[in-house]
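> Chains as they are written, first to last, in the working numbering: chain A, 1 to 629; chain B, 1 to 489.
Calculated from the structure, these hints are not laboratory results.
Some clues are possibly wrong.
[Stated by the list, open to error] Computed footprint of chain B on chain A; a stretch qualifies when at least three of its residues, placed anywhere within it, have a C-beta under 8 Å from a C-beta of chain B: (1) 119-128; (2) 144-152; (3) 162-173; (4) 549-559.
Think of the CB as a built atom: it goes at the ideal place given N, C-alpha and C, for glycine as much as any other residue.
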Amino acid sequence: MEPVAVLEIALTLLFLGALVSLLRGGRLAYSFTLASSLPIFVVSVKGIGGFRGEVIPFLPTEVEVDPLSALFLMILAFITFSLSLYLLDYRTRGSGRYLGLSVNMALLSALLFLVTNNLERFTLAYELFAVFTFVIILTSETKGSRKAAWRYIVITQLFGIIPLLLATSLAYSAVGDLHGLTFEGLRENLANLPVGLWLMYALYLSAFLVRAGVFPFHTWVARAYRSVPSPFIPVFIIGEGLGFYGLLRTVEFALPTSRAVGYTVAALGTVSAFATLYSFREIRLKRKFAHHSIMDVGIAFFALGASMVLGGTAGTIVLIGALLHILYQALYKGTVFFGLGAIEHYGEDPTVCSIRKLLRGHVISLLISLSVFSMAGVPPLAAFVSKWPIYEGIAMSRDVLLWIMMLTIAFLSLFPMASILQIRRLNRELCEREVEREEIPLMIRAVTGMMAVAGFTVAIFPLILHPWLISAIEEIRGSIPGSPVEVFFASPSFLLAVVLLIAAPLAGWKIGKMPTDRISELLLIFYNAGDILKEAFEFFLGKFKRAYITYVLPVIKVVPRYELPDIEDVDDAFDYPIRHLDEAMFMPLIRAVERLAHWGKSRNLDMNALIGGFAIAMAVLIVLLGVFA
Amino acid sequence: MIGLLATLTFIVPLLGGLVLFKLDGKRADAVMLGSFFTAMLLQFGVLIEYLLHHHHGTVHVAYMITERLGEVYGIIIDPMSVLIGTVVALAGFIFMFYGMEYMSERNAGHPVRKGKGLFYAWMTLFEGATLGFIYSSTFLGLLIFFELMGLACWGVVSYYGTKAGVRAGFKAFIIPNIGAMIGFYTAIGVGITQLHDLSLFSLSHVSESLKPWVFIALLIAGYTKSAQFPTYSWIPDAMEAPTPASAFLHGAAMVEMGVYLVARVLQFIGPLPVWIFYFMAVMVSLTLLIPILNYPVQNDAKRLLAFSTVAEAGIMFVGLTFAALGLEVGLKAAMFQLTTHAFVKGLAFLTAGTFTYSLGTLDMRRISGLKDLLPVNALAWSVALLGLAGLPPMAIAFSKAELLTTLSAIRITPLAWLPILMLLVDSAVFLWVGVKWITRNVFGKRSVAKAHTHPIITASLIMLLILVFIVPYLAYPLVHGIGFFGGGH
Chain A
1 MEPVAVLEIA LTLLFLGALV SLLRGGRLAY SFTLASSLPI FVVSVKGIGG FRGEVIPFLP
61 TEVEVDPLSA LFLMILAFIT FSLSLYLLDY RTRGSGRYLG LSVNMALLSA LLFLVTNNLE
121 RFTLAYELFA VFTFVIILTS ETKGSRKAAW RYIVITQLFG IIPLLLATSL AYSAVGDLHG
181 LTFEGLRENL ANLPVGLWLM YALYLSAFLV RAGVFPFHTW VARAYRSVPS PFIPVFIIGE
241 GLGFYGLLRT VEFALPTSRA VGYTVAALGT VSAFATLYSF REIRLKRKFA HHSIMDVGIA
301 FFALGASMVL GGTAGTIVLI GALLHILYQA LYKGTVFFGL GAIEHYGEDP TVCSIRKLLR
361 GHVISLLISL SVFSMAGVPP LAAFVSKWPI YEGIAMSRDV LLWIMMLTIA FLSLFPMASI
421 LQIRRLNREL CEREVEREEI PLMIRAVTGM MAVAGFTVAI FPLILHPWLI SAIEEIRGSI
481 PGSPVEVFFA SPSFLLAVVL LIAAPLAGWK IGKMPTDRIS ELLLIFYNAG DILKEAFEFF
541 LGKFKRAYIT YVLPVIKVVP RYELPDIEDV DDAFDYPIRH LDEAMFMPLI RAVERLAHWG
601 KSRNLDMNAL IGGFAIAMAV LIVLLGVFA
Chain B
1 MIGLLATLTF IVPLLGGLVL FKLDGKRADA VMLGSFFTAM LLQFGVLIEY LLHHHHGTVH
61 VAYMITERLG EVYGIIIDPM SVLIGTVVAL AGFIFMFYGM EYMSERNAGH PVRKGKGLFY
121 AWMTLFEGAT LGFIYSSTFL GLLIFFELMG LACWGVVSYY GTKAGVRAGF KAFIIPNIGA
181 MIGFYTAIGV GITQLHDLSL FSLSHVSESL KPWVFIALLI AGYTKSAQFP TYSWIPDAME
241 APTPASAFLH GAAMVEMGVY LVARVLQFIG PLPVWIFYFM AVMVSLTLLI PILNYPVQND
301 AKRLLAFSTV AEAGIMFVGL TFAALGLEVG LKAAMFQLTT HAFVKGLAFL TAGTFTYSLG
361 TLDMRRISGL KDLLPVNALA WSVALLGLAG LPPMAIAFSK AELLTTLSAI RITPLAWLPI
421 LMLLVDSAVF LWVGVKWITR NVFGKRSVAK AHTHPIITAS LIMLLILVFI VPYLAYPLVH
481 GIGFFGGGH
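Excised from the complex, chain A in its bound form (with noise of 0.2 Å):
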């Protein structure tokens, strides 16, 4: 069968899993998306050799899969199959039809994300999976859903949706026909664009770094997977991986290499990784966990930057870090939330506690902790895999500024043991209480441990990943490494790469051991540093509501002079009259006729005959017009 049919197949089966969901819900919707799982993974095989097409008949859509696209996809097809088992077995709570109908419809927009080279779909794509996944926030009805569904949409349309609008309206004028806005078409034509290349990818990496929740636009990350039901989780977790995918895709394909953004993206992803002293404030896991997968994709965004700066053999073994990171983090994190899932699939808000009420000596506890194990960088699992080359290749090169970088991300790398050992302590210090656990069902089990299994292996035998990650890196740098020895042993600076590796855990193992005061001491400079950031965000946001209240509102209302003082928010408005700024240009007239109106009353002439009567005599003067004329 044609790559395209089944490329097709895969759509057809998200769709109807969707349109099932909506219309029965439950089980059999996620049978569908169970079902769409084996054709994207026979897309992603077939998309090693590559392959183009067109699909969607109603709305033409053209496609081509590379191997970056395969590797993506096959990501995209691990995570589906996982997540659609997992729910088989899974209570949801919320609105499941509606849950049923954004995860399908979610899954389909990565999968077109992935798949269509046109920027016009690609865009398309990018936004319909930011509606469907503010549909799954939204729609899981958990306290503070609303306001985190809220915060997610604004920040994705303003700072995601509208600049990739304009770039690729930007893309449109440079190419300057429909058919051919490819990224190849875009490549080809960067002579005609209006603007400077500058603003093109200011715009790309604003709508990336919001759909990977990196710095500055990583405020909905912690909300939104706090607030979402821990199995939809991962469909977040493809999303970040859509940001990576579509900025290396803008980067690599559509635009010349900058090093100035390289150090851009680089310095972004750095401060992201920031985002995990924040986990030791919570006590919920989930948001616990939140602020560790920002820093993963910090770290691989970091790298990304760096392979950008780099170029050459070192761009290239870093590139395969990032590429690994970012596919690692995506297992493990799953397991980390389907493992959390269990808890709340009993009603339970997974915190230090219910995990030891739930899951304690239970096998998912097992896989859990291999996984954060494996996100703790702790030789030989996944993080510290990924890590190897990323660091390799930085020290391989002579620029102070990655330096900087690496060594603050290398720091940051020891809190996320820490902060396992801190809910182990905390756990035995906090949670004495004991209750039976309850069985978790199979399919949770499996699949939790199914991911588990499958992030360890990768990780172990990272050449499992082989034909997709070479075809990548070939396609995007067109020279490889000769083999795994190359990348992992490229040069001496291994030796500082795995240094850095082991001190990070051990270092991690110390701390973690301490007060979580005595931390939260040591933390405090970047607590306040933090704070200092949102506090000034919220004061502009205060100052813009404010002059909005006292300069917008008494031209658009009719508001007493001494009143306003009194309005603190925009709400406290809605009784105030409207204020129209062109009836006073028209109030003369309009006054001069309702005087007309009341004489009329006044003389008992019915008005409706008046009007129709002038209207008709009107038109009949009109008609008489064109006929004598």
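Following the hints, put chain B in place on chain A, whose structure we already have.
Coordinates of chain B only, in the frame set by chain A:
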């Protein structure tokens, strides 16, 4: 054949409207619905005939030609009139199908026991006048139907006879009338004295020195009809009308016909000086500023939607602004936006109408928990508000995307950024406000224990819900065929 069908599409509702002035009760229901249904069927006939036998061509039928005035009355059947005619006929039928139940004594907010025949009469005339306006090929024809629309608008807005309604009715009648006097009388004057032809085709023969001024005069007529700055406030006030009428005049008729008029003029008038673009860009940006500032402080569902109408019509004018610069895609995008907006705004208004019908209020602070109370209405409200903010897969997203392709005009002038940025800011602010209300109205705690609805109401919402998603695919072939006449600019 196609000429006869097109003529019947507006003659039937015009006659139906006249009959309805004397009817009430079930008879009025039957005649009104029959008129709308027949007009819709006839319009579908035009659509099918056009697609089968005249694809992308122009059929021009001159009804009356005189020596001194040239073509006095006639019709044009082209992709634009067929598309917009179909939108009006289809949307009009759905709105009035819904209206049949809305204008009943089961309406909690506005129970109607008798006298609905008068409302139906004005609405049916409104539909006939709108369809007549769409097909007219001469300024005299356009003027007559323009005035008839204004009259019908006055009739429906002041229907409830409240003080605010009567005032809003006068305002809705007078403001577009001033525009008509400036625009159409200028065009007809030029037609009589200089061109000796009143047809739209003669516009290209207006002398170069006079052309911009004729265009500006007609643009003013369009602005007043479409509630553009500085004549916008009649439309938020006109929400005093019964909801089916609000849906019609905001979504498919009246406001849209101002846009349609300017689009028609741009099709025929030929190249315009670049200062027209500057003028239109500034005016449309000022127009968009008004709803942007007003959205956050609206708590009345229909008033919020009314400000959104000002913005959405403004967005159509953004397309026309670029069309004035010679970009054909601007013309297409404006008509595409008109088409998609009709159904999304219709859905929004009809849902707001269900708040009156089922809950007896339009104050969004008092509406909560729709998800549990009225699930279909909750879905419709969410889809409509998100759709108006331009999010896909709802229809407006596609027409806005088409509109953004006009950004290539920044090669000609950097001012091209202004309307596009205003459009995007409008979408962002509306989304911010819209999501705030969705979270309260749909997902909040129930504001009442139970709310009633009716199958006719639910069926109307479902029809529109489906159309909101599929209309871009249905409309695009005709949108694609829209362009300037005679090679254009």
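> For a quick check of understanding: which of the numbered hints are violated here, in increasing order?
Result: no hint breaks.
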